[in-house]
Amino acid sequence: MNENKNYVFPFVLLGIVLVVCFGINISLGSVNIPLKDSLSIVFGNTAEKESWEYIIWNYRLPKAITAMLVGAGLSLSGLLMQTLFRNPLAGPFVLGISSGASLGAAILIMGSSLFSSIVAFEFINSVSLAIASSVGSIIVLIAVMIVASKIKDTMALLIIGLMFGSITAAVVSILSYFTNAEKLQQYIYWSFGSVGNLSWSQILLLTVIIGIAILISLLTLKSLNAFLLGENYAKSMGVHIKKSRYLIIIATGLLAGGATAFAGPVAFIGLAVPHLTRQIFSTTDHRVLMPAVLLYGAILLLICDTLAQVPSSAYVLPLNAITAIIGAPVVIWLLVRKRKMVF
Amino acid sequence: MKQGELTGIIGVNGIGKSTLLRTLAQVQPALAGTILLHNTPLERYTSKELASIVSIVLTETIPSKNLTVLELISLGRQPYTNWIGSLSTADKEKIEEAIEMVGLSDLQHKKCYELSDGQLQRVMIGRALAQDTELILLDEPTSHLDLYHKVQLLKLLHHVAHTTKKTILFTSHEIEIALQLCDQMLILNNLDNPFGSPETLISQKQFEKLFPTDTLRFDADTNSFKVS
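Protein sequences appear in the order of chains S and F.
Per my numbering, the first sequence starts with residue 1, numbered consecutively.
Per my numbering, the second sequence starts with residue 344, numbered consecutively.
Any given hint could be a false lead.
[Stated by the list, open to error] Below, a list of computed lysine to any residue pairs in the SDA-like style, where the Cα atoms sit at most 20 Å apart: (1) S:Lys242 to S:Arg337; (2) S:Lys242 to F:Glu392; (3) F:Lys408 to S:Thr283; (4) F:Lys391 to S:Tyr7; (5) S:Lys243 to F:Arg387; (6) F:Lys454 to S:Ile241; (7) F:Lys453 to S:Ile241.
By construction, these hints were calculated from the structure, which means they are not laboratory data.
Please build the complete structure, drawing on both the sequences and the hints.
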């Protein structure tokens, strides 16, 4: 905790890896643009072909930036959840928070066709989708917190989180049953997860949401470290438990809700990245973990997005499938190697 | 209670030793009555103010054992550090002092999951010391330890109380060891709850009344319990 110098090297390394992944991500795709040209376009130079410039500026650059924001956001929310619930398996997905976001999105997309006579749901745009998802995730998070305050057993809490997930999934099925095909397709595409197709203004909004959430998380840095010893010890060390809890919940809701709203429910990043980060940095100090998790998450989602793109082909696989295919084995590997998940 | 003394609270299971201690630390609200600290009711203190006066060692296991000894003990400085928790030179000195006092200098970079129960208990005491409070409360610090480590731990507490002039209050079932090391003892029996030095309490025959005599009796000659 004292020797911050030890962490300079891994941070520099992560920074370099991030830049490399970013470069690869924008140069690969259905049209191959050489890495050199891609980077020179990003830095404002004109390229050999005008179409390349168009692809980079209007398609690939926004996508890469979204991938970084979403990856960083989900990973940080996973870290916050794991510390708050003192449970290594916690994450936006396991505790039903992403399901809450899905429910919010589902009600907005599909509910609109059901209730269109009552309210004019003409505003299914990025902003309303983001609000609906964030509200959905915060509601589920608060429900989980209320239960958490009554139940000390963290395993029971996890199961309850899964139950919340099932309930929201059930409500989504009911909504899907009654909705029309067009809306259903819109929702299913949203649920595949994708970091593409965001306009620059949408990216700005996502940046603001994630930025605010990171600022809130920074305020809780000290209490997060104290929470590692449990709430009683944290309280005895002068941590304002209620205030910190609320701040952490709000930050998580914004991170998971915001990321899910724009990119759909992206699985496993939130759970796996904090564990990977702890392996590399071998510390529990959130002052180191927080920036590391942000970098790591951005890198991992860039890689997943590059793979989902299926280089040199016109296919784009659901991002959600790729993150699960990469994320799940990582978690299994960690468990097998360590025998237990220390956090 | 006097400054720099080691006080043991004893009593049968379920009499409320832990409850008393946890209430003193404001970990749980008082069931009834008011507790005065420096003539001010305990509730008047903010949790931050209280954190610089009272520190605790609880029976509960800590959720994350991935912390190193140094990291964990450093957390004790939280009431004094800034919003982000960076440690000043003074903080680091206090931490070093605490680590030395509990004899963990060689183990300070070990992770907590690598430690034995006895070592972990000393880490928790080190953290309380680093918090640098006048009053340290410990809830059954000797449970799960073998006889040697129980004695070692209570001797450590005795030493800490006398050298640092901190007031240390602990609950324990180790009456015989406590009799030899405590300056003061409080017996919770739901009646008069006598408080005094071990010698006074022995002369008042308080220990004879502690357990049903058909099972266990106190032998005043050896200051120990014998099976009847």
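Hints the structure violates: just list their numbers, smallest first. Violated: hints 1, 4, 6 and 7.
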